[in-house]
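Participant: Here is how the chains run, residue by residue.
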Amino acid sequence: MTKKVRVLIAKPGLDGHDRGAKYIARALKDAGYEVIYTGLRQTPDSIVATAIQEDVNFVGLSLLSGAHKELFPKIVELLKENKADDIIVFGGGVIPDRDISFLKDNGVKAVFTPGTPIADVISFIEAQ
Amino acid sequence: MELVEEILNGDFRAIAKAISMIENDGSEKEELIDRIYPKCGRAVVWGITGPPGAGKSTLVDKLIEQERINGKKIAVIAVDPSSPFSGGAILGDRLRMQEHATDPGVFIRSMASRGHLGGVAGATTDAVKVFDAAGFDLIIIESIGVGQTEIEIIEVSDIVILVLVPGMGDEIQALKAGVMEIGDIYVINKKDHDGADKLEAEVNYMLSLKEGDQTKNPVLLTSAIHNDGIKNLISEIQIYLKNIQESMELQKKRKTRIKQEIKQIFSGKIMYEINKKINTEIMEEWAEAIYNGDISPYSFINKKVQTFLKEQK
Ligand SMILES: Nc1nc2c(ncn2[C@@H]2O[C@H](COP(=O)(O)OP(=O)(O)OP(=O)(O)O)[C@@H](O)[C@H]2O)c(=O)[nH]1
Ligand SMILES: [Mg+2]
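For the record, the sequence lines run as chains P and W.
My numbering puts the first residue of the first sequence at 1, with every later residue one more than the last.
My numbering puts the first residue of the second sequence at 1, with every later residue one more than the last.
Be careful, since some hints might not be right.
Stated by the list, open to error - Below 20 Å or equal to it, Euclidean Cα-Cα: the simulated EDC-like pairs (lysine to aspartate or glutamate) are:
hint : chain 1 : residue 1 : chain 2 : residue 2
1    : P       : K80       : W       : E6
2    : W       : K39       : W       : E181
3    : W       : K259      : W       : E6
4    : P       : K83       : W       : D25
5    : W       : K39       : W       : D158
6    : P       : K3        : W       : E28
7    : W       : K73       : W       : D158
8    : W       : K39       : W       : E5
9    : P       : K3        : W       : E30
10   : W       : K216      : W       : E261
11   : W       : K210      : W       : D194
12   : P       : K83       : W       : D103
13   : W       : K17       : P       : D30
14   : P       : K83       : P       : D30
15   : P       : K3        : W       : E31
16   : P       : K74       : P       : D120
17   : P       : K3        : P       : D18
18   : W       : K269      : W       : D25
19   : W       : K255      : W       : E155
20   : P       : K4        : W       : E28
21   : W       : K17       : W       : E31
22   : P       : K83       : W       : E31
23   : W       : K17       : W       : E28
24   : P       : K3        : W       : D25
25   : P       : K3        : P       : D30
26   : W       : K198      : W       : D228
27   : W       : K39       : W       : E65
28   : W       : K17       : P       : E81
29   : P       : K4        : W       : D25
30   : P       : K80       : W       : D11
31   : P       : K83       : W       : D137
32   : W       : K73       : W       : D137
33   : P       : K83       : W       : E6
34   : W       : K17       : P       : D86
Hints listed in this document are in silico derivations from the structure and should not be mistaken for laboratory results.
Build the full structure now, drawing on both the sequences and the hints.
Facilitator: If you want it as structure tokens, here you go:
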């Protein structure tokens, strides 16, 4: 048996659409990863607790509602507080260009905007 | 091993890391298990199984809620299948249990089967030991939705709760073959749907045909999403466990479990040694000899077996 990459796909915030998140979850499964999917409206606390219990290598955050500037850094910070900052955080959703560098400065390793080919996400994961 | 101390202290990060180590079959796994083993044996293990979509995860969510009120520390192992093509998996059971994600008295771990047949993962038994040693009172295992052969849940749990739903049509027929017999307690979930009474009657009839079984198997109705029938289910579980403990059946079960487990470890290790011997090069050589008609297969292999056994002495 070999080591498997585990990824948590989580949706913080209040928007009620998870098609994008489900799509990426399936694509990552097809790429051979173990994907934990937790559904809509997760709080930063529950995302971090889940990431720790599931011992994931990556947390992928998906968000449409525009609260990414508060929520994404908050999750990065909570991981650090829980000595779990070896877990890599990436994000996706409708995120304006000017916010992307802000998120990266705040510990989000990569940001994927709609239309990014799934292969880019996979090569990002593979490169870590 | 620092990890051992941390597990015994109930540290969540350490527990999570230990389970990954077990899943990845890391070299330190054996030492880890041997070190924590003396602290095992306190936890009770409930196995939840039943066809896909029967409401197992929803039921587990409600069982957690109720048992938290009763003051228990609870760990859940939720098993989902790995894709035989990509090796990947979507682990979605915990979606229904996320309300408990931040409860410090609850630990939920999703586990992919990674090719292990039987409805649980190869790592499940050892993960149970980690939770047990870490001080969890109750460990709930949700197995992969059952077909005909996914019955290993009986080998890892003290009690099996088989969850069925009305409207399965012929499925109950199919399940009868083997799976229908593995329940200690039968739960008919989604009693808010039509046909629950009919299914209850069918299950009761089926159980009445069962022979030579000492302990009575309760058949209960629940509606997990409406939190209906959960308290009754828990009290029936407690009664059942008390009964099998008094009749020594539980102790027997646990010993059988150990027997199965060590048998598996033992044969796994022997197989490993054998596989080292029968590498492709040797196989090709042997096949060549047999192909050429120099020798006949059985007498040839019997000689090789003798040599192999001698070498092991
Ligand atoms: N009407 C009704 N629906 C229920 C009940 N319990 C669960 N459900 C629904 O049934 C669906 C499946 O529930 P899960 O708990 O995911 O079922 P499961 O057996 O864990 O499914 P798998 O793990 O995929 O095999 C969900 O949409 C639940 O909301 C119930 O008592 N009544
Ligand atoms: Mg489930």
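Participant: Against this structure, judge whether each hint is valid.
Facilitator: Hints and how they fare:
no.: 1; hint: P:K80 <-> W:E6; in the structure: 19 Å, holds
no.: 2; hint: W:K39 <-> W:E181; in the structure: 33 Å, violated
no.: 3; hint: W:K259 <-> W:E6; in the structure: 29 Å, violated
no.: 4; hint: P:K83 <-> W:D25; in the structure: 24 Å, violated
no.: 5; hint: W:K39 <-> W:D158; in the structure: 18 Å, holds
no.: 6; hint: P:K3 <-> W:E28; in the structure: 14 Å, holds
no.: 7; hint: W:K73 <-> W:D158; in the structure: 17 Å, holds
no.: 8; hint: W:K39 <-> W:E5; in the structure: 11 Å, holds
no.: 9; hint: P:K3 <-> W:E30; in the structure: 17 Å, holds
no.: 10; hint: W:K216 <-> W:E261; in the structure: 28 Å, violated
no.: 11; hint: W:K210 <-> W:D194; in the structure: 27 Å, violated
no.: 12; hint: P:K83 <-> W:D103; in the structure: 18 Å, holds
no.: 13; hint: W:K17 <-> P:D30; in the structure: 25 Å, violated
no.: 14; hint: P:K83 <-> P:D30; in the structure: 30 Å, violated
no.: 15; hint: P:K3 <-> W:E31; in the structure: 18 Å, holds
no.: 16; hint: P:K74 <-> P:D120; in the structure: 25 Å, violated
no.: 17; hint: P:K3 <-> P:D18; in the structure: 29 Å, violated
no.: 18; hint: W:K269 <-> W:D25; in the structure: 13 Å, holds
no.: 19; hint: W:K255 <-> W:E155; in the structure: 10 Å, holds
no.: 20; hint: P:K4 <-> W:E28; in the structure: 17 Å, holds
no.: 21; hint: W:K17 <-> W:E31; in the structure: 15 Å, holds
no.: 22; hint: P:K83 <-> W:E31; in the structure: 25 Å, violated
no.: 23; hint: W:K17 <-> W:E28; in the structure: 12 Å, holds
no.: 24; hint: P:K3 <-> W:D25; in the structure: 8 Å, holds
no.: 25; hint: P:K3 <-> P:D30; in the structure: 17 Å, holds
no.: 26; hint: W:K198 <-> W:D228; in the structure: 19 Å, holds
no.: 27; hint: W:K39 <-> W:E65; in the structure: 26 Å, violated
no.: 28; hint: W:K17 <-> P:E81; in the structure: 18 Å, holds
no.: 29; hint: P:K4 <-> W:D25; in the structure: 11 Å, holds
no.: 30; hint: P:K80 <-> W:D11; in the structure: 16 Å, holds
no.: 31; hint: P:K83 <-> W:D137; in the structure: 26 Å, violated
no.: 32; hint: W:K73 <-> W:D137; in the structure: 5 Å, holds
no.: 33; hint: P:K83 <-> W:E6; in the structure: 14 Å, holds
no.: 34; hint: W:K17 <-> P:D86; in the structure: 13 Å, holds
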